[in-house]
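**Q** Listed here are the chains, written in short residue letters.
There are 2 protein chains.
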Amino acid sequence: MKPRTLLSLLFAAFATVASAQQALWGRPNVVSPQVNQDGSITFRSDMKGTDKLTVVGDFNQTSPEPLAMERGADGIWSATTRPLEPELYSYCYFTAEGKRLLDECNAYRNRDISTYSNIVIVSRERGDRGWLYSVNNVRHGNVAKVWYPSPTLKMNRRMTVYTPPQYDGKKRFPVLYLLHGSGGDENAWSELGRATQIIDNLIALGKVEPMIVVMPNGNPNCQAAPGEWGAGMYVPASDAIKTKPEATFVESFNDIVDYIDTHYRTIKKRSGRAVTGLSMGGGHTFGIALAYPELADYYGLMSAAPRWKGQYTTDKLYDQLNNDAEMNAAMRKLFDTKPQLYWIAIGRDDFLFRANADLRRFLDENHYPYTYVENDGGHIWRNWRIYLAQFAQLIFKH
Amino acid sequence: MKPRTLLSLLFAAFATVASAQQALWGRPNVVSPQVNQDGSITFRSDMKGTDKLTVVGDFNQTSPEPLAMERGADGIWSATTRPLEPELYSYCYFTAEGKRLLDECNAYRNRDISTYSNIVIVSRERGDRGWLYSVNNVRHGNVAKVWYPSPTLKMNRRMTVYTPPQYDGKKRFPVLYLLHGSGGDENAWSELGRATQIIDNLIALGKVEPMIVVMPNGNPNCQAAPGEWGAGMYVPASDAIKTKPEATFVESFNDIVDYIDTHYRTIKKRSGRAVTGLSMGGGHTFGIALAYPELADYYGLMSAAPRWKGQYTTDKLYDQLNNDAEMNAAMRKLFDTKPQLYWIAIGRDDFLFRANADLRRFLDENHYPYTYVENDGGHIWRNWRIYLAQFAQLIFKH
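For the protein sequence lines, the chains are S and G, in the order given.
182 is the number of the first residue of the first sequence in my numbering; add one for each residue after it.
182 is the number of the first residue of the second sequence in my numbering; add one for each residue after it.
The reader is advised that the hints may include incorrect statements.
[Unchecked claim] Not the full set, but computed from the structure, chain S residues with beta-carbon under 8 Å of chain G:
no.: 1; residue: 210
no.: 2; residue: 288
no.: 3; residue: 316
no.: 4; residue: 408
no.: 5; residue: 475
Bear in mind the hints are in silico, worked out from the structure with no lab data behind them.
The structure displayed is predicted, hence computed values, not measured ones.
Don't be surprised by glycine CBs; every beta carbon is placed ideally from N, CA and C.
With the hints as constraints, model all of the structure from the sequences given.
**A** This is the structure in structure tokens:
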């Protein structure tokens, strides 16, 4: 045998080419996770050197749920959940000593900032929530990491651009601008948010218009996600964020729209544009609507942290909306232009519920029309995926 | 405090917005890996419940190298390598019980088939090998996941397409087709191979022509990488590979070239095309050169497993090249067309060294011109990154 390196599984495959398939691609001896017929999930691990192993997952809407694993006679730990609703679940393991571990049997994992969690999807039938988040046997759009110049922020910046399967030839398409939250980046919506799967699948179901989806980086002092720009592989975004930005993300937003309108076959008018975002991105959406009231016909605030002139205004939003003359006038101007949709979604347990209640109170008192969605749970990706699927079905229908 | 879910770090950030930066983005208490001034790397871990922890990495060219970690008074394990040459290194940890773990402090990791390893880059100066593999402060090309129709394989298929920073406006660009090995997919070269960094950086140094790089999926019964097509998230590629393909990848290759030539601003002639690949992809390159001798001017075989009509021929290649009349005639026809470059690269420890020696013996005896590169090491990504950087500098210069 020749020397074998850490990564040269290819070698192992090749040396025993006739029987290699099982060794190379076969599932590991420990199968985990296993989604059972009734929607329950069985987790397993061959972890050693600990007296206790716990799987912790977001199996209910509002809080993480620990589930003790039991070690069998074969030394394999396992635990099975109750039957679960169709959904994308995140989980990890904890040892007796409190050491957080991933399920090494599961190659599917998401990075949220610098923390990885495993993911697993439960789906019962076409069209359910788990199906919406899965890669199905439907036509898929293209997903590109695109660099664009931002004269406002004085740098080249990276964004994720989804073009629908129908994007070919001469037809023009509307554009959804989809904004991430604090700590996120241009990868957040396509990875944690399953945005490309959601849009692929909703197009396949005929429930949304084929659209371009643009997912920019909302951190005005970053060119791109950590590791994807010249700040260095191990420099977190915060090292850049701490320095003073040239301008706010909202001020730079037209750099993105200009690039998209000149490089893609877009519907270059208000009725062909929607903007939505989560948390800080909901705040950006709030600000974009005020700064450029005729840019888009559809605005969606998901668990929004309203921002005005680069600052969060969540503490005293109602007072500010009433008393800040410039902000008040901008709100009036926005609703004078009659956008097709001003949409607010938030979970009852969200720490930003109060700020959004302030916003609704102001809108109600001024008879500014909006659509409101309230559901269970808090400030979590599970809700943002739900909101995206809902919002996408409301836009570009006029 | 509201309920806090597993993934809602955003919430934590927000609740304590003034001081959140450190908690949210600050490096973990345990810093790992740490690249030191002299090029050594210090690894650390807060692993508990084991009496021994070992870091195993590819710190030399030919074999993985275990390094025992020591536990300090603070309970933190650590180990420091000797000073290392500029390079991208892969590593993982093993407990006393033989349990393989990742370095949870290092968010940078690569997936090879279903196995993750951490990665770390050592670089001393602009232009060295570590720098070539890093994301530097240079202009970046766009990277897209593109679906194309393959009439030959009767399916839509996914590929990775890199367009250089210069790709804008009306200029046309040459195309490098870059093929992965057995067990790989359309993500292999851009992730494990650092191909987009290598090409970005070599363009920035003025050492390669700006080029489009096309990285298709070479498994003819797969639409895409595992989890990226409708076969299901947990179905490995092998479940599809085991079924009979409609045709070989080589037979379907023109579907890719046709799509690229109609959707990108390419130089649509022989001098604007190069094909190279590793292992099985080297075999595909060997076959493409024989099947379509005037398609490209530049062919590169990296650690190639020569394939002919869908079958590996590595065991008796020299005899087959001489005795298979059709194969022999195809070789003659190829070299009669005088390709600009027929390039062979392999490591002295590669298990395919013998097959490539057979090929060279045949080429020598027939006075077919080729360029040969031989280096240390075996069938490993470290070599394929080196080969790509070398080959890219030889093409599109005529």
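**Q** A separate judgement is required for each hint: does it hold in the structure or not?
**A** A quick look at each hint next to the structure:
Interface restraint check for residue 210 of chain S: the shortest CB-CB distance to chain G comes to about 13 Å, outside 8 Å, so the restraint is violated. The interface hint given for residue 288 of chain S is met, as the beta carbon of that residue sits about 4 Å from the closest beta carbon of chain G, less than 8 Å. Here the hint on residue 316 of chain S is kept, as its CB sits about 6 Å from the closest CB of chain G, short of 8 Å. About 6 Å separates the beta-carbon of residue 408 of chain S from the nearest beta-carbon of chain G, less than 8 Å, and the hint is met.
A distance limit of 8 Å between C-beta atoms decides the matter here; for residue 475 of chain S the minimum to chain G is near 29 Å, and the interface restraint is violated.
The structure fails to meet hints 1, 5 from the earlier list, while all remaining hints are met.
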